[in-house]
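J.: The primary structure of each chain is shown beneath.
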Amino acid sequence: MKLLTHNMLSSNIKGVTAGYPLLIEPQIITTTEVPINPNFLRHIFPKLDYSALVAAAKTLGFSDLPETAGVSDLEDEGFLKRFNHALLELKLEAGALVCPESGRRFMVSKGIPNMLLHEDEV
Amino acid sequence: MWYLCVFYHRLLDYRKPEVEALAELFGGGGSPSSHHRLRWKLPEHHHPDSPFHFVDLPSEHIARSIANRSILVKGIYEVWGEGSSYEELEEAISCYPEERKSPYLVACTTFKVNIDSFGKAVSSGVQQERIQRLTFIPFKGRVDLRNPQHKFWLMETDDYGSNNGLPPMVQKTIFFGREVGTADRKLLPTYQLKSRKYLGPTAMDAEMAFLMANQGLADPGKLVYDPFVGTGSILVAAAHFGAMTMGADIDIRVVRDGRGPDCNVWSNFKQYGLPEPISLIRADNNLPPWRAGLQEVFDAIICDPPYGVRAGGRKSGGRKLLKGAVEPYTVPDDKRAGHIPSTAPYSLVECVHDLLEVAAKMLVMGGRLVFFYPVLREDEVAETDYPEHPCFRLVASCEQILSFRYSRVLLTMVKIAPYTEAIAETARKMHLDFKENHLKWLEEGNLHSAVFTPIDLLSDSSGDSKLWKELKPKYRGKYV
Chain A
564 MKLLTHNMLS SNIKGVTAGY PLLIEPQIIT TTEVPINPNF LRHIFPKLDY SALVAAAKTL
624 GFSDLPETAG VSDLEDEGFL KRFNHALLEL KLEAGALVCP ESGRRFMVSK GIPNMLLHED
684 EV
Chain B
520 MWYLCVFYHR LLDYRKPEVE ALAELFGGGG SPSSHHRLRW KLPEHHHPDS PFHFVDLPSE
580 HIARSIANRS ILVKGIYEVW GEGSSYEELE EAISCYPEER KSPYLVACTT FKVNIDSFGK
640 AVSSGVQQER IQRLTFIPFK GRVDLRNPQH KFWLMETDDY GSNNGLPPMV QKTIFFGREV
700 GTADRKLLPT YQLKSRKYLG PTAMDAEMAF LMANQGLADP GKLVYDPFVG TGSILVAAAH
760 FGAMTMGADI DIRVVRDGRG PDCNVWSNFK QYGLPEPISL IRADNNLPPW RAGLQEVFDA
820 IICDPPYGVR AGGRKSGGRK LLKGAVEPYT VPDDKRAGHI PSTAPYSLVE CVHDLLEVAA
880 KMLVMGGRLV FFYPVLREDE VAETDYPEHP CFRLVASCEQ ILSFRYSRVL LTMVKIAPYT
940 EAIAETARKM HLDFKENHLK WLEEGNLHSA VFTPIDLLSD SSGDSKLWKE LKPKYRGKYV
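If you're matching them up, the sequences are chains A and B in order.
Just so you know, the working numbering puts 604 at position 41 of the first sequence, and the rest follows in order with no gaps.
Just so you know, the working numbering puts 690 at position 171 of the second sequence, and the rest follows in order with no gaps.
What the hints contain is simulated information worked out from the structure, not anything from laboratory work.
Even glycine gets a Cβ: it sits at the ideal position worked out from N, Cα and C.
Hints may be right or wrong, so weigh each one.
[Stated by the list, open to error] Derived DSS-like pairs: lysine-lysine, alpha-carbon spacing no greater than 27 Å straight-line:
1) A/K577 x B/K954
2) A/K577 x B/K959
3) A/K673 x B/K789
[As the list claims (entries may be wrong)] Chain B stretches covered by chain A per the calculated footprint, using a threshold of three residues with CB under 8 Å from any CB of chain A:
4) 769 to 778
5) 793 to 807
Using the sequences and the hints, build the whole thing.
T.: Right under this line is the structure:
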């Protein structure tokens with residue numbers, strides 16, 4: 564699971580109002596190489612919760628992202644590289660995503676988060 | 520400028536919409552909100568199902584881009600002349616403006632003349648004879664049969680009536696044109712399902728997956744989502760055209776495990792050297808895991824939802840729970856980790872409602888929703904019978920006949936209005952209605968029995984008039 568996905572996911576259990584962002588309990592972390600696509604990065608940047616991305620990247624061991632960033636930073640190659648790395652190159656192969664409100668754990672295995680709700684959460 | 524567009528004679532309903540979608544992709548079709556569609560003209564005496572159509576495109580560059588990316592366009596040609604006899608053709612070509620012809624006839628170029636005859640094969644002797652009739656054209660370049668710079672086509676259309684059921688031509692037409700672009704059909708043997716590593720029973724056929732990706736305008740830099748990803752066959756096509764992809768499925772075995780470490784969705788992408796999807800999630804499209812406030816993220820949602828005929832859809836909740844047979848139960852903590860939540864049957868009506876809702880919220884303005892919708896052939900289906908949503912405008916509906924009883928229609932919708940709180944409220948009410956009246960919706964949307972019930976059980980008091988209504992012409996089948 565890449566951090567772009569993590570940025571979009573939340574715990575939508577019935578009754579939970581603060582299910583985002585999910586806390587990450589990493590077990591296996593991998594990195595792949597993804598060529599930088601500036602158009603895509605500029606297109607996706609405004610849709611993200613940037614602070615959640617920074618925090619998630621730190622949990623996966625990457626602390627090089629600046630705490631805040633604006634649209635103008637996307638013109639800087641250095642930032643683009645780090646942004647691309649955090650968003651698309653880091654991958655959580657196995658671990659768990661934890662709901663910040665209820666503590667419910669959503670398992671991640673083989674790179675795939677299981678976001679299916681149990682019968683009493685629906 | 521008018522070009523001759525010659526189609527492969529298959530998937531007839533899909534031909535023009537593909538060209539129109541690609542025209543929009545390459546900047547030639549205008550925006551859908553302005554209702555501007557391409558102008559088409561049929562050659563004289565031709566039937567609408569004919570492979571020959573004239574289309575008005577803004578430039579040769581756009582025409583070439585459309586043809587090269589398409590799957591069903593055999594070629595787009597700048598017509599230098601047409602006629603019902605070679606005398607008429609010669610007259611027409613001579614009258615065609617010099618400045619349009621001379622750049623392609625100069626001495627320093629290479630060229631080749633191809634002969635085509637729709638509906639029948641032509642022996643090489645006859646081909647040579649026809650090429651000889653063109654000696655009046657002042658070709659100064661050198662002939663190169665392998666890799667010519669300019670390709671010319673001499674096309675005769677008269678005999679196509681016999682084998683494929685089209686009404687016979689009233690009169691022969693001969694076209695002579697310069698090729699501007701052609702489809703790359705070699706994509707199909709490369710991506711054919713026969714050699715795909717990981718397949719499922721509903722994996723989308725390669726040709727159809729590419730058509731869907733074209734309808735969705737998949738392109739580098741775009742994000743394409745499939746909420747019913749299965750084995751990823753649709754995303755493979757989108758990834759081939761350079762899009763970033765994401766997929767979800769409620770069945771964890773299909774999306775995570777596959778059939779082994781080298782036989783799963785990821786290996787399908789590796790097989791073709793395509794970038795792997797950004798994410799694959801196990802999720803229920805009925806209760807999607809997106810954070811509140813996340814909107815307008817995807818450029819296209821392209822999918823084949825389960826319609827309950829060959830593969831039934833599922834949603835979270837538990838069948839007995841929804842029927843009211845059991846109370847909601849809590850899974851004991853020690854069993855939670857490996858618990859597989861029970862799921863309930865998902866009627867087509869609710870499935871499509873949820874798909875439209877997710878698409879309305881998550882697509883960018885101008886983004887496309889492309890999905891298959893099943894129809895029973897004996898019902899007269901007008902465009903007004905297709906699913907609707909205030910955020911979308913339907914721009915194409917392409918029917919593919921699957922059996923005597925039913926077809927599937929590829930619907931292409933464009934998001935033209937933003938998702939508002941009012942729309943969200945209506946959706947919430949509908950979601951509750953589906954939950955409360957679970958059994959009623961299941962019965963109403965039961966396509967499976969409509970398709971597979973023996974015929975004599977179907978004819979009711981109206982006699983057998985329903986089944987013998989005018990169905991599409993005989994030559995229409997699964998691939999035409």
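J.: Now tell me, hint by hint, if it's right for this structure.
T.: Right, here's what the structure says about each hint:
| no. | hint | result |
| --- | --- | --- |
| 1 | A/K577 x B/K954 | holds (14 Å) |
| 2 | A/K577 x B/K959 | holds (24 Å) |
| 3 | A/K673 x B/K789 | holds (16 Å) |
| 4 | 769 to 778 | holds (count 5) |
| 5 | 793 to 807 | holds (count 11) |
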